[in-house]
Amino acid sequence: MRLIDVAHARSGDKGDSVNIGLIARDRSDYPLLVKEVTAERVAHHFAGVCLGEVKRYELPNLGALNFILTSALGGGGTTSLRVDAQGKAMGEALLFMEIDV
Amino acid sequence: MNTVRIANGQAFWGDSPAAPVAQVRGGDIDYLTLDYLAEITMSVLRKQYERDPDAGYARDFVDLMSEIMQECLERDIKVVANAGGVNPQGCAQALLDVAASKGISGLRVGVVTGDDIMAQLDDLESEGVPLQNLDTGTPFDEVRDRIASANAYLGAEPIARALADGANVVITGRCTDPGLVLGPLVHEFGWQWDDWNLLAAGTVAGHTIECGAQASGGNFQGGWRTMDDLAHVGYPIVEVSADGTFVVTKHPGTGGAVTTATVTEQLLYELGDPATYLSPEVTADFTALQVQEVGPDRVEVTGARGRPPTDSLKVSMAYSDGFQGAAMITYAWPDAIAKAELADSVLRTRLKDLGLPLRAIRTDLVGYNSVHGRVVPPAGSDQSEVVLRVSIWADDPDTVSRFAAEIAPLVMGPPGFTGLLAGGRMRPSRVMAYWPTLVPKSVVDPQVIVRDGV
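Residue numbers (UniProt numbering), protein chains in the order written: chain A, 1 to 101; chain B, 1 to 454.
Everything labelled a hint here was simulated from the structure, so no lab data went into it. Note that the Cβ used here is the ideal one computed from N, Cα and C, for glycine as well. Keep in mind that a hint or two might mislead.
Unchecked claim - Here are some, though not all, of the chain A residues that point toward chain B, as calculated from beta-carbon distances under 7 Å:
1. A9
2. I23
3. T78
4. L81
5. A85
6. Q86
7. A89
8. F96
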């Protein structure tokens, strides 16, 4: 299945980095997110887009993970030539990821 | 006061003009907070100020206040806005003029200044403050002569001070977004500046509503189809108790929804390390927050933890960094994508022949793969149509203009050039880039004065 079946997401920019908050739709799926959506897998998913590193933070209290992808916005903010210069749709791009259940 | 009701009516300059009016008229609130300043807005305002010393602030705010000032004063709704830009005094004067011209009495405008450190940059450099780019580590020398604005993020303290001095409208320049909410809470509840958990709770409350309807059903990835009446989406309100617990809600009869999911999406928005949310007065920790529904469109947030802040303030500078332009042409079936790719190749060959000094060039096929790229592969390539978008970045405007002149001739390239999507020939647009850095807190001295109307 894809992440979109079990999670929702919101993304935003900080300079040339993007953050993606990934939230389990059902709290009981949070451990699945922790197990499947590792920083390594997210880096692989965004290969060629995220040119820096991926950091993951866990928020079990919110049933959520927070990812920081550095060097991911083509310079970021006002200098980026990207259509999605602020990474607003990158959360949804993450939801395309296939996971094993 | 048992609880303080703080409403957000503006998440950025250009947000809905109707939202703040609806927040005032839709029910009881104690405070209306408004955010006007994006990261590079200050550089734009500084240019306006240099042309006209009465300008340099968010004029939209003055227009808004002329509509709601009377009602806010009558109902004791206080307004806190970072609308002052690079000229908070000019903004305050404009409000006082509105009050005078409308015969409105009782206006007391608190003005917060001291965020503008443009004039201190030389001193800071000679004192050995590095001012290097916080994100990239690039030395300040590379941009020093192109800096167009430099502002420290002030916090809640000067806002609380202005309210204590009797202001019913507070205008700041650069200020943290959560500070617009924390300032009123400190003032109302008498929280101390070392009540770390309370300061953190107020900061989280501010973070929750700082992006307007993003907490109440706007930009809601988790269930946008289920949001009713987004045309009249209710902007968020926090009802904060003296113990720092708060309920996120919105006015009855408005669109959107406040659910644990909408609030959680916003809590995570633009978050870095959730245990270390930096602000001038407190470092907040989000990792023990609890979010639960306590009624329809009512979500309670508890569990904020805080610890002492760092010794630094974040500074946002803007500097001039060349010019950009983008051309867009729509190609259609058959072979829409192949035609767009050929046009791109023709264009790039001609640019190469010209030897134009480009810093960057980028081609996107809009409607095909321009947003997700290879991360979400397009379903097929036999499109009915696609938009070729070619964008460039150069040091000088003439290069962008020369590039622009190469677009129309593509009509003699692959068939079906349908014209320029954005209208006539593009004009170079100046790029103002963002330079985040840190300064020691000790070099910034926020000042507050309260100016009385009639």
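Hints and how they fare:
1. A9: holds, 6 Å
2. I23: holds, 5 Å
3. T78: holds, 6 Å
4. L81: Nearest chain B Cβ about 4 Å off; hint holds.
5. A85: violated, 10 Å
6. Q86: violated, 10 Å
7. A89: Holds - the Cβ of A89(A) comes within 7 Å of chain B, reaching about 5 Å at its closest.
8. F96: Nearest chain B Cβ about 5 Å off; hint holds.
Checked against the numbered hints given earlier, this structure breaks hints 5 and 6; the rest are met.
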